[in-house]
Amino acid sequence: MIQFSPLTGTSADALNALLDDAFGTDRHMRTAYLLRKGMTAIDHLSCAILDSGVLVASIQCWPVRVDTTALILVGPVAVATRFQNSGLGKQLMQLMLNAATPQDPPMVMIGDPEYYGRFGFEAEGTSGWTLPGPWDPRRLLLRNSNMVALPTHGMLGPTD
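Per our numbering, the sequence shown starts with residue 1109, numbered consecutively.
Treat the hints loosely; a few may be bogus.
When the alpha-carbon atoms are kept at most 25 Å apart in a straight line, the in silico SDA-like pairs for lysine to any residue are as follows [stated by the list, open to error]:
| # | residue 1 | residue 2 |
| --- | --- | --- |
| 1 | 1145 | 1231 |
| 2 | 1145 | 1180 |
| 3 | 1198 | 1257 |
| 4 | 1145 | 1213 |
| 5 | 1145 | 1214 |
| 6 | 1198 | 1227 |
| 7 | 1198 | 1236 |
| 8 | 1198 | 1262 |
| 9 | 1198 | 1233 |
| 10 | 1198 | 1171 |
| 11 | 1198 | 1259 |
| 12 | 1198 | 1123 |
| 13 | 1145 | 1220 |
| 14 | 1198 | 1261 |
| 15 | 1198 | 1222 |
| 16 | 1145 | 1205 |
| 17 | 1145 | 1211 |
Computed spacing ranges between beta-carbons, pair by pair [stated by the list, open to error]:
| # | residue 1 | residue 2 | range |
| --- | --- | --- | --- |
| 18 | 1262 | 1220 | 17 to 27 Å |
| 19 | 1261 | 1119 | 32 to 42 Å |
| 20 | 1195 | 1253 | 17 to 27 Å |
| 21 | 1112 | 1238 | 18 to 28 Å |
| 22 | 1260 | 1109 | 19 to 29 Å |
| 23 | 1267 | 1160 | 17 to 27 Å |
| 24 | 1260 | 1111 | 40 to 50 Å |
Just so you know, the hints here were simulated from the structure itself, not pulled from any lab data.
Every value quoted in this text rests on a predicted model; they were computed, and no experiment measured them.
C-beta: ideal position from N, C-alpha, C; glycine also.
My request is simple: use the sequences and hints to build the entire structure.
Shown next, in the form of structure tokens:
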């Protein structure tokens, strides 16, 4: 039985096991981890999908910035390997976008533009940004539905 839940009710052990399954145990070396280092996930935008009480998918969002401008870093979007390609990632993205408020800042993520483009994410506006690790510029995606004025150049990183 599939059920949606706030991520705050999920144990850290269950979440880490899911993330290891979805991304591997070397996931901490990725640039996205450097971006959110020391940050606490944004509760209202982070959620879980449970199957008979077992965590099978999650999405987390984090406060970050480009220079001094606030952004939300989306991800990881994690789906257990046995549930991948079942639509749970799409459901997580839609749940998160539905939970977003007009007061939330623009969203940024490192992801596949062909997949995340359907949710309004694109590389337009991020070409002058740098990250604290390696990245593919075409995969640095932005969703700025409120058309907030953003810096054209700057370092993307955690909020202080």
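Outcome of the hint check:
Distance check on the hinted pair: residue 1145 and residue 1231 sit about 23 Å apart at the alpha-carbon level, within 25 Å; holds. With a C-alpha separation of about 14 Å, the suggested pairing of residue 1145 with residue 1180 holds against the 25 Å cut-off. About 28 Å separates the Cα atoms of residue 1198 and residue 1257, which puts this hinted pair outside 25 Å; it is violated. A threshold of 25 Å between alpha carbons decides the hint, and for residue 1145 with residue 1213 the separation of about 19 Å falls inside it, so the pair holds.
Taken as a hint, the residue 1145 and residue 1214 pair is honoured in the structure, with Cα atoms around 19 Å apart against an allowance of 25 Å. Taken as a hint, the residue 1198 and residue 1227 pair is honoured in the structure, with Cα atoms around 9 Å apart against an allowance of 25 Å. Between residue 1198 and residue 1236, the direct Cα distance comes to roughly 29 Å. Violation of the 25 Å bound is thereby established for this hinted pair. At most 25 Å may separate the alpha-carbon atoms for a hinted pair to count; residue 1198 and residue 1262 exceed this at roughly 30 Å.
A threshold of 25 Å between alpha carbons decides the hint, and for residue 1198 with residue 1233 the separation of about 24 Å falls inside it, so the pair holds. For a cut-off of 25 Å, the pair hint linking residue 1198 to residue 1171 stands: about 22 Å separates their Cα positions. Between residue 1198 and residue 1259 the CA atoms are separated by roughly 29 Å; this puts the pair beyond 25 Å, and the hint is violated. With a CA separation close to 19 Å, the supplied pair residue 1198 and residue 1123 stays within the 25 Å bound.
Distance hint between residue 1145 and residue 1220 is fulfilled; the C-alpha atoms sit about 22 Å from each other, no more than 25 Å. Among the hinted pairs, residue 1198 with residue 1261 is inconsistent with the structure: their alpha-carbon atoms are about 31 Å apart, more than 25 Å. Straight-line distance between C-alpha atoms of residue 1198 and residue 1222 comes to about 13 Å, which keeps the hinted pair within the 25 Å bound. A hinted pair counts as satisfied when its Cα atoms are at most 25 Å apart, and residue 1145 with residue 1205 qualifies at roughly 23 Å.
For the given pair, residue 1145 sits about 24 Å from residue 1211 by alpha-carbon distance, which is consistent with the 25 Å threshold. In this structure the hint that residue 1262 and residue 1220 lie 17 to 27 Å apart at CB holds, the actual value being about 24 Å. Taking 32 to 42 Å as the suggested C-beta distance range, the pair residue 1261 and residue 1119 conforms, at roughly 41 Å. Separated by about 23 Å at the C-beta atoms, residue 1195 and residue 1253 satisfy the suggested range of 17 to 27 Å.
Distance hint check for residue 1112 and residue 1238: the Cβ-Cβ separation is about 36 Å, which falls outside the suggested range of 18 to 28 Å. Range check, residue 1260 to residue 1109: about 48 Å between beta-carbon atoms, so the 19 to 29 Å window is missed. The hint said 17 to 27 Å for the Cβ distance between residue 1267 and residue 1160, and at roughly 37 Å that hint is violated. Look at residue 1260 against residue 1111: about 43 Å separates their beta carbons, and that is inside 40 to 50 Å.
Comparing the model with each numbered hint stated earlier shows that hints 3, 7, 8, 11, 14, 21, 22 and 23 do not hold.
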